[in-house]
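In the order they appear, the protein sequences are chains A and B.
The first sequence begins at 1 in full-length UniProt numbering and counts up by one.
The second sequence begins at 1 in full-length UniProt numbering and counts up by one.
Think of the hints as simulated: they come from the structure by calculation, not from any bench.
Nothing here was measured: the structure is a model prediction, and the numbers come from that model.
The beta-carbon is built from N, C-alpha and C at its ideal position, and this holds for glycine as well.
Keep in mind that a hint or two might mislead.
Listed next, the stretches of chain A that the computed footprint assigns to chain B, with coverage defined by at least 3 CB atoms under 8 Å from CB atoms of chain B [claimed, not checked]:
1) 18 to 28
2) 104 to 118
3) 262 to 275
4) 292 to 300
5) 310 to 321
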Amino acid sequence: MGRYVIRRLLQALLTLGLVLFLMHWLMALSVQVRGNPARLFFGDRTPNAAALAQVEAMYNLDDSCYDRIGDPCVMPFVERLQAYAAGDFGTTLRGNRDVGELLAISIPNTLRLFAFSIITLVVLAMVFGSWAARHRGRLQDHAVRGGTILVDSVPVFLIMLIYTSLIAVPLTRWVRGIFGDEAAIGQLFRPTYDVDYPWMTIIIPGLLLGTAGLASMTRLVRASQLENYHADFVRTAHAKGLSRSRVARVHIVRNSLIPVVTAIGYNFAFILTGAVVTEGIVQIPGMGQLLWNALLTTEVSIVITSFVIIAVVVLAVNLLVDLLYAVLDPRIRYA
Amino acid sequence: MPDSAETLPDTVPGVLKTEDAPQASLWKDAFHRMVRRVDVLIAALLILAAVAMALFPTLFTDADPRSCSGRLAKQRPETWFTGDHPLGTDAFGCDFAAKLVYGTRPTLLLAVTVILISVLIGLVMGILSGYYGGWTDAVISRALEVFMVVPFLLGALLLLALFRGRSSSEDLIPSVAPAALALSVFGWMEFARYVRAATIETRNLDYVAAARCLGAKDRRIMFRHIMPNAIVPVTAIVPTTVGGIIVTESVLAVLGLGIRPPATSWGILLAEGTGWAAGGYLYLLAWPMAFLLITVFAFATFGDALRDALDPKLR
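Based on the sequences and whatever the hints tell you, model everything.
Dropping the structure here:
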C-alpha cells in the first residue's frame, strides 16, 4: 500500500509539472502571438518605450523569449516555479492585486457551491438508480432512464439562464408574499448571489448544478446494484438469515458504491466546468468567475494559478478515489 | 477411386454448414436490436431531420436569413407557421425561422468535425499505446493524464480566449475552425482510453498471435486485426459525445467564443435570445432552445440505446 501511494504521488507530481509547463508555454505563445499584456497596465493610453519596458520588467514579461514565436521560455518558467515554491502567486496586471489573496477569497465560495451540487448529484442518483434497479424493465425503469437523459440534455448554463431570467423573480415575490420581506427564506430564490446571505443564495444554484451528469451517474448506480442483486454473496447473506434491510444496506448498497465513487472522481472535472459557468451567471464571486474574467483580460498569473489549482484538485481526487477502492472493496489490495 | 466412403452425409448432426448459416455479427445484432425500439426510431428520425436541415436549408424555409430590415424587428409569431415570417422576426428584423434553419449547418458541422478529429486522434493514440506498451504507453498515458486534468470546456475556453483573433469571414470554415480545433484538442482522451483498454484486451488473443505467426507486420495487425475490436466501444459513445459537443458549443457561444458571426449557430441564437426573453419576447429563447434540446435529447437517447446494443455483456 505504502509503495503504491508513493508511486501514485510521484506520477501525480510529474503530471502536475507537465500541466504547469504546458500552461506556461500556452501563455508564452499567447504573449508572442498577440502582443504583450503589459500594455493592459496603461489602459487606453499608448505608453512610451521606457515606461513599457519598466512595466514589463515589473511583471517578469521582459525576457527576450517573449518576442520569439514558439519559444517555450524556460527561464521565466523556472522563475515562476521558484516564486510558487516561495508562496508567491504573482500580482494582477490591473489593480496590482495579489493573486494568492484573490484566490483565498474566492475558493470558499466555490467550495460551498460544490458541496451542494455533489450532495444533490449523489443523493438523486442513488435514489433514482436504486428505484430503477428494483423495478428493472418496468415502467419505472424506463421513466427514470428517459427522465434523467432529458434532464441531462438540458445544459447547466441553460437551466441557470432560465432560472435567473424567468423563474427566480416570480418565485422570490411569491415566497416573500408568504413569509414577509425580511425572512431569510425569502433570499432562497434570489436570482443572483448576495454577500449578506452567503448560504441561502447559494443553495438553489448548487442544487441546479447537481443535475449535471445525472443520467450517467444514475445508470451506473442502477447497473451496479443490478449486478449485486444476483451476486453470490447476496444469496449467501439471504440464506444465512440476515434481514432484508441489512442485506440491502451492507451487501448491495455498499458494494454498488464503488463505481459511484469512481464516477464522482471522473465527474469532478466536469462539475468544476459547470461551476465556472454557474458562477458566471449567478454572479458568485468564486474561482470560476475569477478565472473567467482573467481569461477575458489575459491576466496571466490568475489563469495559470487557477489551472494549477484545478489540476491539483483533480489529481488529488483521482488518487483519493483509487485509495477508497481498497477501503470499499475487500477484493482490491494494492501491493 | 471410389468416393462413396469419403463423402459426408448432407446433414451431420451438430455441425452447421458454414456457407448457409447466418453469420452473427455484433453490428448486425446491434442494428436489429436498435430497429425494434420505438424510442430509437424516433430519435433517429429527429437526427435525420436535423441533418436534412443542415444539408438542404432551402427545403425548410424560403426566406434569406441575411435579408433583414429594422422595420420588421421583433414581430411576434402571431400567424403561427404561416405568412411571411412563420416564427416571427428577431431583434434585427431577420426572419427567425430562416435563422434557425440556417444555424443548423454550422452547429452540426462543428460537432461532426470535432468528433472526427477526436476519434481519429483517440484511435491512433489508443492503439499505439495499447499495442506497444512500454515507453510508448508511458508517454501517451502521461499525455492523456495531462489533458484529462484540464476539463474539456475550460481547456477549450483557455485556447479560444488566449488566441482569439478579431477577424471575421464570410466563409463557413474559418468561422467554425477555431472552436472546432479548441474542442478537439481537449476531446480525444476518452476515446483514447477506451481504445487503449480494448487494444490491451485484444493484443494477446489467439487470432492476433496467429496473424503474427503468419508474418503480419505490426501495422497490419494494429489496423486490420485489432482496430475492428477497438472501434466498438468508441462507436458506442459517439452519439452521446456529439450531443455533448453541441451543448458545449452553445456554452462557448453564450460566452462569445463559439462559432463566429456572421455564421449563426443555435448557441448564438440562444445567447441572443436570453436577453430578450425576460422582456416578453420568449419565442426568441424558446425556439433555439427547443431545437437544441430536441437534437441533444435525440443524440443522447440514440447513444444510450447504441451503448446497450453494443455491450457484449447484455447480449
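Hints and how they fare:
1. Taking a C-beta to C-beta cut-off of 8 Å, the segment 18 to 28 of chain A contributes 5 residues in contact with chain B, enough for the three needed, and the coverage statement holds.
2. For the segment 104 to 118 of chain A, the stated coverage by chain B is violated: 0 residues have a C-beta nearer than 8 Å to a C-beta of that chain, whereas at least 3 were required.
3. Under the rule that three or more residues need a Cβ within less than 8 Å of chain B, the assignment of the segment 262 to 275 of chain A holds, with 4 such residues.
4. Note: the segment 292 to 300 of chain A has 4 residues with beta-carbon separation from chain B under 8 Å; the three-residue rule is met and the coverage holds.
5. With 4 residues bearing a CB less than 8 Å from a CB of chain B, the segment 310 to 321 of chain A meets the requirement of three and the coverage assertion stands.
The structure is inconsistent with hint 2 alone, although it conforms to all the rest.
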